[in-house]
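**Student:** Chains as they are written, first to last, in numbering that gives the first Met the number 0: chain A, 0 to 477; chain B, 0 to 416; chain C, 0 to 243.
You can trust all of the hints, since none of them are fake.
No more than 30 Å apart at the CA atoms, straight line, and that leaves these computed lysine-lysine pairs for BS3-like:
{"hint": "1", "chain 1": "B", "residue 1": "Lys320", "chain 2": "A", "residue 2": "Lys395"}
{"hint": "2", "chain 1": "B", "residue 1": "Lys291", "chain 2": "A", "residue 2": "Lys395"}
{"hint": "3", "chain 1": "C", "residue 1": "Lys134", "chain 2": "A", "residue 2": "Lys450"}
{"hint": "4", "chain 1": "B", "residue 1": "Lys60", "chain 2": "B", "residue 2": "Lys119"}
{"hint": "5", "chain 1": "A", "residue 1": "Lys466", "chain 2": "C", "residue 2": "Lys49"}
{"hint": "6", "chain 1": "A", "residue 1": "Lys405", "chain 2": "B", "residue 2": "Lys227"}
{"hint": "7", "chain 1": "B", "residue 1": "Lys315", "chain 2": "A", "residue 2": "Lys273"}
In short, the hints are calculated from the structure, not lab data.
Please read these numbers as outputs of a predicted model, since none were measured by experiment.
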Amino acid sequence: MKNQNINTLEDYKYGFTTDIESIRAPKGLSENSIKFISKMKKEPQWMLDWRLKAFNRLKNLKEPNWQKPKYPKINYQDLYYYSAPKSASEKPKSLDEVDPKLIETYKKLGIPLNEQKRLSGVAVDAVFDSVSVATTYKEELTKKGIIFCSISEAIRNHPDLVKKYLGSVIPLTDHYFATLNSAVFTDGSFVYIPPKVRCPMELSTYFRINASETGQFERTLIIADKGSYVSYLEGCTAPMRDENQLHAANVELVALDDAEIKYSTVQNWYPGDKDGVGGIYNFVTKRGACRGKNSKISWTQVETGSAITWKYPSCILQGDNSVGEFYSIAITNNHQKADTGTKMIHLGKNTKSKIISKGISAGQADNTYRGLVDIGKNASNSRNFTQCDSLLMGNKCGAHTVPYIKNKNSSSTVEHEATTSKINDEQLFYCNQRGMNQEEAVSLIVNGFCKEVLQQLPMEFAVEAQKLVGISLEGSVG
Amino acid sequence: MINNFKVNSNEIDKFKKISKQEKEFRIKNLNLFNKNGFPNNKSEDWKFSDLRDIVSKNFKKLDVQIINSKSKNTTLIKNFDHNFLVLINGNLSSSNFDFEEKNKIKIKNFYNDNFSDINKYNPLIHLNHALSDTGYSLEIADNYKFKKTLVIYNIFTKELNENILNSRNKIQIGKNSELHTIDLVVNESKNKFMNNVYENVILKENAIYKNICIQNEKSDGFFHKFSKNTLSSKSKYSSFIFPSGLKFNKLDLEFNLEGEGSECNLQAASLLNKNDHQEIKTRINHLVPNCKSYQIVKNVLNTESKGVYQGKIFVKDIAQKTDAYQLSKALLLNDNSEFNSKPELEIYADDVKCSHGSTSGSIDETSIYYLMSRGLNREESVRLLVSGFLNEIIEMIKSNSIKKFVQKKIEEQIHGN
Amino acid sequence: MLEIKNLKASINSRDIIKGLDITIKPGELHAIMGPNGSGKSTLANVLSGKNGYHISGVIQYKGKNLIEIPVDERAQKGIFLAFQYPTEIPGVNTNNFLKTSLNKVRKSKGEKELDTLTFLKIVKEKSAELGIDEKILSRQLNVGFSGGEKKKNEILQMKILDPSFMILDETDSGLDIDALKTIANGVNSSRDKKKSFLVITHYQRLLNYIKPDFVHVLSDGKIVKSGGMELAVELEKTGYKKIK
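Looking at chain A on its own, in the form it has when it is part of the complex (with noise of 0.2 Å):
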């Protein structure tokens, strides 16, 4: 008595790659392909030596091991590390400029640049491989003095903004793949939201990786100033090519007194076939200040691509009544690998943290929570809660939890609980009798599983956050 009709996987929808003719930088990792990113950039000098600062510095740095998911070493000589489309070279001033291909490609992302035909009430800025292609609205939120633009602009025309806050929260010599981002970056976005503005918009960064042998390395520097509030959403997709292929993306945050920023993810690169060839590595460092009193910074990713997906979107809560909080919901299937959490430092008194976490893993997958919670001597009156659910299906695949939990402070309070369990025969039985086959079914209890996190995303948002948490475990049951 089993269903029939099921285990055609589908094909992942985004694979496609775009041909065009693209510029790259020479092959491999060097002080030479550092200047050529510099240069085509048309950077100041400024920004050149904070870079070459970062490669020298990157010399003496090693990968880090720690973690659970091992990949075959990387050959950083082998990649390049800039690539943008040619008709891109000069930034097109508006969207009548933008290579047709390159709007064709967005539109079959389901990302319309075209402003008329937009997603209703979101600004995109559209990162194609190493450059920002296209961002919509800034008329708007220029009227509002929020600017909105690639890094590169920022750095060519908000240096003072730029240089105070660029490599605040992450520094240069953080750590390895922060480093080497430091060194290479290409593009990314930049935010800054003047005090006292409520930014009336979703601002939304789209990644498009299409070249081949190409690293991404972008940069995405978030600033609200004093009272202000944004809400940024990142999406991002890959071609499905055979190789392995790097993203090593720096975020910073830094929200000052009474700022709030909302900072949603929802990641979706290639994840390799059914046999983990292929796919994407993602090595991401994302980190937010909570600089301001009464600040808040809070993270939402859905991570159900890439075949080693490994990052640990972080708060530093530094002032005093700050709030951070951590929802993500990580998808495995197949040989998909991650190793996610979050840190969560407390500094500043009366600081509060909440960590919502969902690990689902199928085929032969791994998922790892890895989290830290620190409350410093001086944090009193701080709390975390920190909850951690792992769904497994099968016992091919793994579910792991490593909590790191740290209390110096008495009038602190941590909790944290996991639990791990599968999806219930009884549940199955039941939504079956009423008419839904094994894969309907399933995407209905997990996204049921999920669902803490997925209200947490803005409304365009949660409905496609939905429908692929459905369709990164099909094939999963059977």
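Please arrange chains B and C on chain A, whose structure you already have, making use of the hints.
**Tutor:** Okay, now just chains B and C, sitting in the frame of chain A:
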């Protein structure tokens, strides 16, 4: 101060009459230890307890000689019929099994017949394997249930001064047999010393082992114990640990649930005071289906104390229907105290029930308020709440006489400061 | 509607149903009574297609043998089981669940899928009809529901999905008199010439409200006696022991 403690290889030459195999085993382990020295916080298992730092801050030298002291007559627990072993500085000095059938029990001095087991991670095990020459080996025959509890008196004499003791103990319980033990630590030394124990507990099918471990008065001891426990099918292991009062104490407990239907229960309650540093590290390996493990660890931390709990539950892919639970609760009474925990799950089977929880925080102010409104002062209220917090564990002890005995010891600790 | 011939079912090589025959015609309501462990719930599970049973015999439904058909397709063909213990599914909104379910059933019948608004209208209508507070539908599926709420939710689902063959597995157990009336109301308002029911119960209580056409006594995996309402009355007086 010693920063880089190494053991001279001629220490091994002092062991006369050992087989070539044993000699090689000792040398191999000595080299491993000397290569790494005492572990520091760079090593994941020692992340929260930097032993190298602790040793170098507290010891000018460490003598590896075995101290063969005679203690004055051991004061036995009164009004409590029991068998006993007396270990003086780790060395088995006397035993008494008057309540039991002697032919069911084999007791020996230090004994090791396993020279293949090379531990990968823990330098203190290497040190122990290289140098241990004291300890006991206790074997219980099949189908024998002990009539009375066995108390193991661990006495440390006043001669100890900057020594490190390495001993090795083994307990094997035969099929369908049952043993209850109490480990009691009595410290007569006023000086700093280290005690490094390797313990091996083997439970055959259907065997039952219940252990209660009580650390007594405050001392300058630095203790490390690695305990490897192997559970055959339907065997049951239960341990209550009440350690406290040591400068440094790390219990590294490994359980291998190798037989179906085996069960392991671990309960610990500690009150840590000024300058105490204590770590409980567990690793429970669920290797076959239908096993249970349950851990609950409670710590109360007073001024300038540090508590650590690192617990790992590992579930192998074939270990379906595993039921594993892990809970750590800590009360921080003062800002100069610190509690770190790492409750870890590593799971490869889907039809399992595994969960853990960890909390740390302050004493509940509304409870204090309630008690004070009934006329207690703040200090009394805190004491009462602390004893209640720890009592939850003690209440789980089934035997009334033992429960009372432990309660008395804990009350002494709470009121002793 | 439904013809069961020499049905046998076992689980983990334990025989539970040991040769059972029933014929249920369109419009009929059959009640099955029997002591604990007689195989009543197994019968409900087997008819709805739950996995894990070893089955032989014939279950002919609208002229087709059901045995090889999976659970969801049977549901789409109009077989509905009101669960004895409705399963809790955390995080899943009841309305959302029911809408998915209704659209699956509609789709299989070749009907158009409903949008949210139309769906909610139907829900409002049906819950008003049954006197059920529709608020339970905006909660997580069966999570934190009281026993009565769970059972009412089953009946509301039954009304909304509009199946043609309904199995009620001890839906009346543990209910107060008001809830019992709600259930009876749900059943009675669904009765028509084309629909049939199999009501599994321990007590005469529910049957007083829903008037069965036939009452069967199930004992040790077999039907040992059949009759009308008078059999239920007799059972209530004498208990199962007297019946052989």
